[in-house]
Amino acid sequence: MSKRNTKVNALEINAAMIGALFTDRVGERLRVFCFYVNGDTGQFDAPLAENCDSLHSLFAKLDMVGQCTSVVLEKVVRGRIYVESNGALHSYTLLATPGVALPSLNAEIHNLPWKTVWASQEADILRLNGGGGATHCYAIRSPVNDVEAPALYRSSNAFLEPQSATERTGSISHWARQAAVVAMVVSIFGMGWWLGRSQTSPAVQRVAAREITKAKVVVGVQSQVQMLANRAITGPFTMQELGQMNQDGKLPADAMFRVVGSTEWVPFRDISSAALPSASNGQK
Amino acid sequence: MKIFASIVVIIGLTHSLCAADSGTFGQAEKKSSADQYVTRGAELELAGKSTAALQFYIQAAQDGNIEGAFRAGKLSWQVASAETGRAKVLKMDAGLRYVYHAATNHHAGACLSLSQAFREGVNLQRDLIRAYACLIVAKNYDPSVPTATLDECVVELDAGALHKAQELARRWLTGSWPERIAPEILQGDARLKIYGISRGSNTSVIINRKTFMPGDSASVLPATEGQSAARTNAVTLDITCAAIGTDYVLVQVDGEKDVRLLQLTN
Numbered sequence: 001m002s003k004r005n006t007k008v009n010a011l012e013i014n015a016a017m018i019g020a021l022f023t024d025r026v027g028e029r030l031r032v033f034c035f036y037v038n039g040d041t042g043q044f045d046a047p048l049a050e051n052c053d054s055l056h057s058l059f060a061k062l063d064m065v066g067q068c069t070s071v072v073l074e075k076v077v078r079g080r081i082y083v084e085s086n087g088a089l090h091s092y093t094l095l096a097t098p099g100v101a102l103p104s105l106n107a108e109i110h111n112l113p114w115k116t117v118w119a120s121q122e123a124d125i126l127r128l129n130g131g132g133g134a135t136h137c138y139a140i141r142s143p144v145n146d147v148e149a150p151a152l153y154r155s156s157n158a159f160l161e162p163q164s165a166t167e168r169t170g171s172i173s174h175w176a177r178q179a180a181v182v183a184m185v186v187s188i189f190g191m192g193w194w195l196g197r198s199q200t201s202p203a204v205q206r207v208a209a210r211e212i213t214k215a216k217v218v219v220g221v222q223s224q225v226q227m228l229a230n231r232a233i234t235g236p237f238t239m240q241e242l243g244q245m246n247q248d249g250k251l252p253a254d255a256m257f258r259v260v261g262s263t264e265w266v267p268f269r270d271i272s273s274a275a276l277p278s279a280s281n282g283q284k
Numbered sequence: 285m286k287i288f289a290s291i292v293v294i295i296g297l298t299h300s301l302c303a304a305d306s307g308t309f310g311q312a313e314k315k316s317s318a319d320q321y322v323t324r325g326a327e328l329e330l331a332g333k334s335t336a337a338l339q340f341y342i343q344a345a346q347d348g349n350i351e352g353a354f355r356a357g358k359l360s361w362q363v364a365s366a367e368t369g370r371a372k373v374l375k376m377d378a379g380l381r382y383v384y385h386a387a388t389n390h391h392a393g394a395c396l397s398l399s400q401a402f403r404e405g406v407n408l409q410r411d412l413i414r415a416y417a418c419l420i421v422a423k424n425y426d427p428s429v430p431t432a433t434l435d436e437c438v439v440e441l442d443a444g445a446l447h448k449a450q451e452l453a454r455r456w457l458t459g460s461w462p463e464r465i466a467p468e469i470l471q472g473d474a475r476l477k478i479y480g481i482s483r484g485s486n487t488s489v490i491i492n493r494k495t496f497m498p499g500d501s502a503s504v505l506p507a508t509e510g511q512s513a514a515r516t517n518a519v520t521l522d523i524t525c526a527a528i529g530t531d532y533v534l535v536q537v538d539g540e541k542d543v544r545l546l547q548l549t550n
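Line order of the protein sequences matches chains A and W. Counting from 1, position 252 in the first sequence corresponds to residue 252 in the numbering used here; the numbering is continuous, with no gaps. So the numbering used here is basically just the index in the second sequence, starting at one, shifted up by 284.
Same shape as in the complex, but just chain A (with noise of 0.2 Å):
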């Protein structure tokens, strides 16, 4: 019986189709963990020196260079539930899966029989076999540290406190006494960003393996919108004269614009795509 020599050489990953990036170091080596707008998942590690380059352009096109070594997209987020349970606060980040079936977003969740999957420093990535055991759904957990929990529900939009109906029927379930602070997102837009618990120390050089929802500005057409541009605030404006502004290449080409009310700038193409999907000339 001959011996199979087989090996992977290079893999590529579409960053299209990425719902959700972690990535992780431990020593010289590097953790990638994928999962996929399908649902699908893959990980694999690989030496870091070598890899770096590949790491930095796949960054670059989840737009995140500089910003975070992990990031969730709100396309493939549910919600986000912060339960505690014995003392300690813990988030759990729904991820959708396409024809599956999600758990409630209450306090039992922390009960269900999870597999952890992928595991790092801030952030295990854990499954649930569904039914049949050809379908799961995934989730990430992660430590939340209880002093920013309530500036973190802040930032967040969550709902503070809230009480399913499963669990205000009949006696007091076990998990509503122990859930002293239990938040859900409802809101993808209101997301905001996520960056893990507490890291104090500089020193700790590691890449984190943070979640990072990306904000995005809420906006309609007839959204106000303010521009700052050559060391100068202007506007408001409405998406329909911003829009004909870029059209007539009268948008400068660093401009940032945040919504009246709002004190997130964003560039012209973030605030676009949320407003006039079609914008795609001029500023980009």
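Check before you lean on any hint, since a few could be wrong.
In the DSSO-like style, the derived pairs of lysine-lysine whose C-alpha atoms are separated by at most 27 Å in a straight line are [said to hold, decoys possible]: (1) LYS61/A <-> LYS448/W; (2) LYS477/W <-> LYS494/W; (3) LYS372/W <-> LYS494/W; (4) LYS372/W <-> LYS358/W; (5) LYS477/W <-> LYS541/W; (6) LYS541/W <-> LYS372/W; (7) LYS372/W <-> LYS477/W; (8) LYS75/A <-> LYS448/W; (9) LYS448/W <-> LYS250/A.
These are calculated hints, taken from the structure and not from any lab test. All values derive from a computational prediction rather than experimental measurement.
Once you have looked at the hints, place chain W on chain A.
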């Protein structure tokens, strides 16, 4: 007058500490006492007794009172502004530690003060990115902070700097503050000795027999007691002269994260 104020403080603190020793000083009472320190400090500050007020604020801060820490920092800065030389540097640095402590504990006012320090380059290296990041954090901690305050700063940033500031603020809002907002100032260094400071149009200092102007970097042999440094086989130190004051020099030793405050002695 200052002596009287100090006595008042000492009496006040001693009374509280005696209560602490009685065994009935629980956590809630400690918080209450810390609040009282802040209140008393505010009264003294209002009466113009800054030194006494500062001691109450510091005591409150040491008991974990964030408002006390903020006030201790602000008042330290205020007191330091009336000082000169080395004493001023040390008090400004102490003030920064208190303000930073309060800022990292969700105190919007402290974030605003920190922002101002970064923006004006007072006691901190001027850094508009950090200045604006502080303002974002302050606005998050206290939505009543006027947007106009942020706008005054944001117009000074280009798109790249603004992006960095917003990213920095996001990190800080999750608690990922740097361990130190500025290098710690350590007093003295046996390896370094000031031989003289010359003032005039070109202020310079002689450290270990080499002349430095602010911003200069060079290698020097460590100073040693009782023998000429030149005769020793000690490894040279790469140092940068960060600032020269009337009676002090701030030196950064290459490879060290702290800054050395060297004193000119006669």
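What hints, given by number in increasing order, does this structure fail? none
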